[in-house]
Amino acid sequence: MATDAWSGIFCTSRARWEAARIVNDVLGTCGHPARVTCSIGAWVVRSGTGRSVVVTTVSQLWQVLLSLPGPRLDVAGVLAGRPPTPVLDAVAASAGATSPSHPPTTP
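Using the working numbering, read the sequence shown as starting at 27 and increasing by one per residue.
Since the hints were made in silico from the structure, they are not lab data. These numbers come from a predicted model, not from an experiment. Beta carbons: idealized from backbone N, C-alpha and C, even for Gly. Careful, some of the hints might be misleading.
[Unchecked claim] Derived Cβ-Cβ restraints for the label pairs, each shown as a range:
id	residue 1	residue 2	range
1	THR75	GLY34	10 to 20 Å
2	THR75	PRO112	15 to 25 Å
3	PRO109	GLY76	14 to 24 Å
4	ALA123	CYS56	13 to 23 Å
5	GLY57	CYS37	14 to 24 Å
6	MET27	GLY107	32 to 42 Å
7	GLY107	ALA28	15 to 25 Å
8	GLY122	GLY96	10 to 20 Å
9	GLY76	CYS56	31 to 41 Å
10	GLY76	GLY34	16 to 26 Å
11	GLY76	PRO112	11 to 21 Å
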């Protein structure tokens, strides 16, 4: 199974569920049609066209999401002002680190 710098944070089902909830909030707020669910040890990314991809790291999650057509994801803007948690911090950090050519925008 693949790992990344944030794998230790997402080793529980609860953390993966919370990450999916946070990512879906970003996607919905930005008007993106994709949605994320979690499963045992992984996330499932469903595009607006019905395509599904299973990923095992949060880095892979962002790589898939950023490769899909749709509006630019303003991760920092959507997450700004929320109380920090280890999962929220890891979701935000991984989004910025995964694709330097497509960094999260700020308001």
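Consistency of the hints with the structure:
1. Distance hint check for THR75 and GLY34: the Cβ-Cβ separation is about 33 Å, which falls outside the suggested range of 10 to 20 Å.
2. Restraint check, THR75 to PRO112: a C-beta distance of roughly 33 Å breaks the suggested window 15 to 25 Å.
3. Checked against the hint of 14 to 24 Å, the pair PRO109 and GLY76 fails, with Cβ atoms roughly 35 Å apart.
4. Range check, ALA123 to CYS56: Cβ separation about 19 Å, and the 13 to 23 Å hint holds.
5. Checked against the given bound of 14 to 24 Å, the beta carbons of GLY57 and CYS37, roughly 32 Å apart, lie outside it.
6. Taken as a hint, the range 32 to 42 Å holds for the pair MET27 and GLY107, whose Cβ atoms sit roughly 34 Å apart.
7. In this structure the supplied range 15 to 25 Å is violated for GLY107 paired with ALA28, their Cβ-Cβ distance being about 32 Å.
8. With their beta carbons about 18 Å apart, GLY122 and GLY96 fall inside the hinted range of 10 to 20 Å.
9. Here the CB-CB span from GLY76 to CYS56 is close to 20 Å, at odds with the stated 31 to 41 Å.
10. Taken as a hint, the range 16 to 26 Å is violated for the pair GLY76 and GLY34, whose Cβ atoms sit roughly 33 Å apart.
11. The hint said 11 to 21 Å for the Cβ distance between GLY76 and PRO112, and at roughly 33 Å that hint is violated.
The earlier numbered hints that this structure contradicts are 1, 2, 3, 5, 7, 9, 10, 11.
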